[in-house]
Amino acid sequence: MKMSSIFGLIKRISGNNDVNGIDSLLEKYDATLYENSANPIVSGIHSKKRHTFMNEKMMMLNIPLSKLMRLLQALIKVQLSFRKAIDYARSQTNSNKTEVDGSFQKTLENKAKNWGALDIAYIRIPDEFIFKGKSIPYKNAIVITGEMDKENILTAPSVDCMIEVQKTYGNTGVIVNKITKFLRSNGYNAVPCHSLGGVVDYPALAQRAGMGALGRHGLLISKANGASQRIAVVFTDIENFQNTPGEDYSWVEEYCTTCGRCIKNCKVGAIYEKKVIDESGQYTTTDGDKCLEYFSTHYGCSICIKVCPFTKAGYDKLKKAYQRAKYNT
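Residues 1 to 329 (the UniProt record's numbering) make up the sequence shown, in order.
Derived from the structure by calculation, the hints contain no laboratory data.
A few of these clues could be false.
Said to hold, decoys possible - With a straight-line cut-off of 20 Å between C-alpha atoms, the simulated EDC-like cross-links for lysine to aspartate or glutamate are:
{"id": "1", "residue 1": "Lys317", "residue 2": "Glu151"}
{"id": "2", "residue 1": "Lys132", "residue 2": "Glu239"}
{"id": "3", "residue 1": "Lys28", "residue 2": "Asp87"}
{"id": "4", "residue 1": "Lys113", "residue 2": "Glu147"}
{"id": "5", "residue 1": "Lys139", "residue 2": "Glu99"}
{"id": "6", "residue 1": "Lys111", "residue 2": "Asp127"}
{"id": "7", "residue 1": "Lys317", "residue 2": "Glu147"}
{"id": "8", "residue 1": "Lys77", "residue 2": "Glu147"}
{"id": "9", "residue 1": "Lys178", "residue 2": "Glu151"}
{"id": "10", "residue 1": "Lys223", "residue 2": "Glu147"}
{"id": "11", "residue 1": "Lys150", "residue 2": "Asp160"}
{"id": "12", "residue 1": "Lys267", "residue 2": "Glu293"}
{"id": "13", "residue 1": "Lys106", "residue 2": "Glu279"}
{"id": "14", "residue 1": "Lys97", "residue 2": "Glu239"}
Only a predicted model underlies this, so the values are computations on that prediction, with no experimental measurement involved.
Work out the full structure: start from the sequences and follow the hints.
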């Protein structure tokens, strides 16, 4: 079934005629966010471009009928939660409250975890983490991760894996919408940015916020779930959120340089052996265009997540093995 036909089915099932492809949704969010921000903060000199999903190539996915309804349910949740994020971007508030106390932060974190967040952290966004030509409404962000079920990811590339990826996009999208609603109901400014895609570099933000380290596949590796997670954010002007001191991820980069399984298993050579400087002047280890083209036509791919030892063996086991090898030599 062609992806265009899938979007047509979503329109009929959901009763929502305003269903768009991925890039159309992202562009609508971008424009709405900018037009309704009182003082938009724009990208920096060395900001990266956001890669497109190339929707016109998302076709001929042979999806068994038995699994089609599960996929449709996941895609509908993605569409509805993304459109809710656009609504929040359109209806930005203008509050002067920019500080919280420790009790409020704890309540927020407990609610986020109860809603399904795997982890939560806070960051002041560097300009270079805003995608080229995009903008954000506030300088601070709440970053959350959402867990992807490893059993389904280990089937990649497959329909089951694709459904899991879309389910996690939908779930994390709902979480950041709920966080936004909670903050606004308590008099704070907040705008969600959906995990499907947004105006900032999610993995870079999560790494800078102390939630993990970037692997050579360009994805976040965390203690909580290895490489198997998705990321979303909530923009806010709350200034005094405090991160809890956490895991030391400094060893992960060295481990990754000795591994290379994601590089060997990438079907289109989208992961580099060594870091290169991209057109923005920043270092990168991946070719985003190659990755997303294959992603679009092969069930959301996820092979690099599947073969990553942090997914298969787990973070704690690898860390112990690394430390034994390092200190016994």
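Numbers of unmet hints, in rising order: Of the numbered hints, 2, 6, 9 and 13 do not hold.
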